[in-house]
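Keeping their order, the protein sequence lines are chains A and B. Following the working numbering, the numbering of the first sequence begins with 1 at its first residue and continues without gaps. Following the working numbering, the numbering of the second sequence begins with 1 at its first residue and continues without gaps.
Hints are not guaranteed to be accurate.
To be verified - Which residues of chain B face chain A? A few of them, derived with a C-beta cut under 7 Å, are:
(1) 29
(2) 111
(3) 119
(4) 144
(5) 268
The hints are simulated quantities; they were obtained by calculation from the structure and are not laboratory data. Each residue gets a CB set at the ideal place from its N, CA and C atoms; glycine is no exception.
Protein chains: 2
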Amino acid sequence: MTAIKNYIQEKRSMFESYMLERVETLLAPDTLKESMAYSLKAGGKRIRPMLLFAALETYGKPVEKGLDTACALEMIHTYSLIHDDLPAMDDDDLRRGKPTNHKVFGEATAILSGDALLTYAFELIASSTNHSPEQSVKLIQMLASAAGPEGMVGGQMADMEGEQKVLTLPELEYIHLHKTGRLLVFSVMAGAYIGGADERDTELLEKYARHIGLAFQIRDDILDIEGTEEEIGKPVGSDEFNEKSTYPSLLTMTGAKEKLADELNQAHDALNALSRPAPLLESFANLIAERTA
Amino acid sequence: MTAIKNYIQEKRSMFESYMLERVETLLAPDTLKESMAYSLKAGGKRIRPMLLFAALETYGKPVEKGLDTACALEMIHTYSLIHDDLPAMDDDDLRRGKPTNHKVFGEATAILSGDALLTYAFELIASSTNHSPEQSVKLIQMLASAAGPEGMVGGQMADMEGEQKVLTLPELEYIHLHKTGRLLVFSVMAGAYIGGADERDTELLEKYARHIGLAFQIRDDILDIEGTEEEIGKPVGSDEFNEKSTYPSLLTMTGAKEKLADELNQAHDALNALSRPAPLLESFANLIAERTA
Numbered sequence: 001m002t003a004i005k006n007y008i009q010e011k012r013s014m015f016e017s018y019m020l021e022r023v024e025t026l027l028a029p030d031t032l033k034e035s036m037a038y039s040l041k042a043g044g045k046r047i048r049p050m051l052l053f054a055a056l057e058t059y060g061k062p063v064e065k066g067l068d069t070a071c072a073l074e075m076i077h078t079y080s081l082i083h084d085d086l087p088a089m090d091d092d093d094l095r096r097g098k099p100t101n102h103k104v105f106g107e108a109t110a111i112l113s114g115d116a117l118l119t120y121a122f123e124l125i126a127s128s129t130n131h132s133p134e135q136s137v138k139l140i141q142m143l144a145s146a147a148g149p150e151g152m153v154g155g156q157m158a159d160m161e162g163e164q165k166v167l168t169l170p171e172l173e174y175i176h177l178h179k180t181g182r183l184l185v186f187s188v189m190a191g192a193y194i195g196g197a198d199e200r201d202t203e204l205l206e207k208y209a210r211h212i213g214l215a216f217q218i219r220d221d222i223l224d225i226e227g228t229e230e231e232i233g234k235p236v237g238s239d240e241f242n243e244k245s246t247y248p249s250l251l252t253m254t255g256a257k258e259k260l261a262d263e264l265n266q267a268h269d270a271l272n273a274l275s276r277p278a279p280l281l282e283s284f285a286n287l288i289a290e291r292t293a
Numbered sequence: 001m002t003a004i005k006n007y008i009q010e011k012r013s014m015f016e017s018y019m020l021e022r023v024e025t026l027l028a029p030d031t032l033k034e035s036m037a038y039s040l041k042a043g044g045k046r047i048r049p050m051l052l053f054a055a056l057e058t059y060g061k062p063v064e065k066g067l068d069t070a071c072a073l074e075m076i077h078t079y080s081l082i083h084d085d086l087p088a089m090d091d092d093d094l095r096r097g098k099p100t101n102h103k104v105f106g107e108a109t110a111i112l113s114g115d116a117l118l119t120y121a122f123e124l125i126a127s128s129t130n131h132s133p134e135q136s137v138k139l140i141q142m143l144a145s146a147a148g149p150e151g152m153v154g155g156q157m158a159d160m161e162g163e164q165k166v167l168t169l170p171e172l173e174y175i176h177l178h179k180t181g182r183l184l185v186f187s188v189m190a191g192a193y194i195g196g197a198d199e200r201d202t203e204l205l206e207k208y209a210r211h212i213g214l215a216f217q218i219r220d221d222i223l224d225i226e227g228t229e230e231e232i233g234k235p236v237g238s239d240e241f242n243e244k245s246t247y248p249s250l251l252t253m254t255g256a257k258e259k260l261a262d263e264l265n266q267a268h269d270a271l272n273a274l275s276r277p278a279p280l281l282e283s284f285a286n287l288i289a290e291r292t293a
C-alpha cells in the first residue's frame, strides 16, 4: 500500500499547484477567484484526478496528457459540493471540517463561484494543448453527459426527491450510479480514452469504475454506522438520524458488507481481464475497500 | 421593420420547437426536465439566437448550421436568469410577468435546473453534427469564455459588489460589457465563425456587437425612467428606488440619449465597413434603438 500512497501524494501536489494556478491567473473579480480557490483548496483525496492518471499510466501515457481534463473534472466535482452545501440544498455549515463556501463568502458568491467552476471546466478542456480537436470534443461530450441532467445533476435531483422516503434497492442504485457514479466512471474512461485503450479494455474499465463507485458508496454507508466521528468528520449515525435509505438499512449490515465484497470482486475481475496489468487501478480498488475516512 | 419582424417570428418558432425537444428527450428526472423547460418556454425575444442566425445568413449559410450553438446559447442565458432570480441573488418573484423558477419549483430545483442547462449547453455543441471537431472546440471555448468567470459570471459578481454604491462610468461599463455584453458578442461571433467570415469582418462584427450590447443596456436604463409599467413589465423607476447606478444617473438623461445614439452610430459604421451588405444586422440595431419593451 505504500507505493500507491506515495504515488498519490506525489501526483496530488503537482496536480493541485497546476489547478490553483489556472484560477489565480483568471482575469476576474478577486472575491470570485478567492471563493473558487477556497473550495478547490479545501482538498479531499482527489480520487477522480488520481483515477484518471492511473488509467492513463496503465496505457503508458504521461500524466501530463490528462492534466487539463483532470482539472476540469475536479472543478466540476468541487462546484457540485458548493451547490449541494447551500441552505436550499443540504444546508451544511461544514465540509471536511472547514466552513462551507457560502458560510465564508455568502450564498450569492457561492452560487456564482459554483457556476464559474462549472463553466471554466469546459473552457479548460477546449483550450487545452494536450489533445487533438477530436479528442477535446469527445472529452467534453463525455464530461458534460456525466455531469449534466442525464448524469450527476439528475442523480442529485433524484436524491433530493427520495429524501425521507424508503427507497427500493434499484432506486438507491439509480441515485448512486448518477450522483457520484457517472463522474467516477468518467475519471477512468477519460484516462482510458486519452491513453488509447481499445474497445474491449474500455468496456472492462467502465465496469471496473461502476463497481468501485458503488463499493465506495456502500463503504460510506457502513462507515456512517461503524466509523468514529473523528474518522468520518461528521457525527456517526447521521444517515439514520436523517432517515436516509442506505445499503445497511435496505440490506442489513451483513448484506451490505457482502455487497461491498461482491462489488470489489467484480471490479478486480474486470481488471484481470484487461489486455495489460493495471497495478495502480488494483491498488485504488483496495484502498476503497479498506478506507476508514 | 416588417421584414425583420417576420424573419424573427418565423425563425423563432422553428428554434423554440427544436430547443424544447432537446430537453423533452432527456433521460432525466421529470421534475428537473419540467423546471428546465418552464424557464426555456418563458420566452423573451430570443435576441441571442436571432443575432447568431442573422450573422450566419450574412455569410450565406443556412440557419440550421447554427441551431445547436443557438440552443446552447439560449440555455446559458436562461440558466443565468434562473440563478439571478434566486432569493440569495436578486430575489425576484416575477420574470416577464410569470412566477420565477424557484417560485414554482422551489429553490433547490431551480439551482439544479440552472446547473443542468449550463452543463447540457456544452454537451449540445460537443455532440452536434453541424460542425467539424475543430469548429466545435472553438465554439465551446468561445462560449465558455463568454459565460464564465472572465465573462458573464464575472460581470454578475461585479454587479453584485457594485450594488448600492455610486459607480464610475468605467465600472458601469465593465459590468455591462461582461454581464450581458460578452454573451451578445458571442452570438454575433459564433454566427460569423460558423459562416466563415474573414478576420477583418470578424473584428468589425465584434465591434458591432459590443456597441449594440451597450446600446441595449442604455435603452434599458432610459426605459426604466421614461417607459410605462405596462411596456417594461416592472415598476417604472425601480433602478432609482434601488439606488442603482445607471447611464442616466451618471450622464443625465440627455447625456444617456446622446451616448445611445453614439453607440448605434458606431454599430452602423462597423456594418458599413463589412465586405458585404448585412441588412438583417442593420435591422437588429434599429430595433434596439426603437424598442419600448
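Hints, verified against the model:
1. 29: 5 Å, holds
2. 111: For residue 111 of chain B, the interface hint holds, since the closest Cβ of chain A sits about 6 Å away, which is under 7 Å.
3. 119: Check passed: Cβ of residue 119 of chain B comes within 4 Å of chain A, closer than 7 Å.
4. 144: 4 Å, holds
5. 268: Status violated, d = 30 Å.
The structure is inconsistent with hint 5 alone, although it conforms to all the rest.
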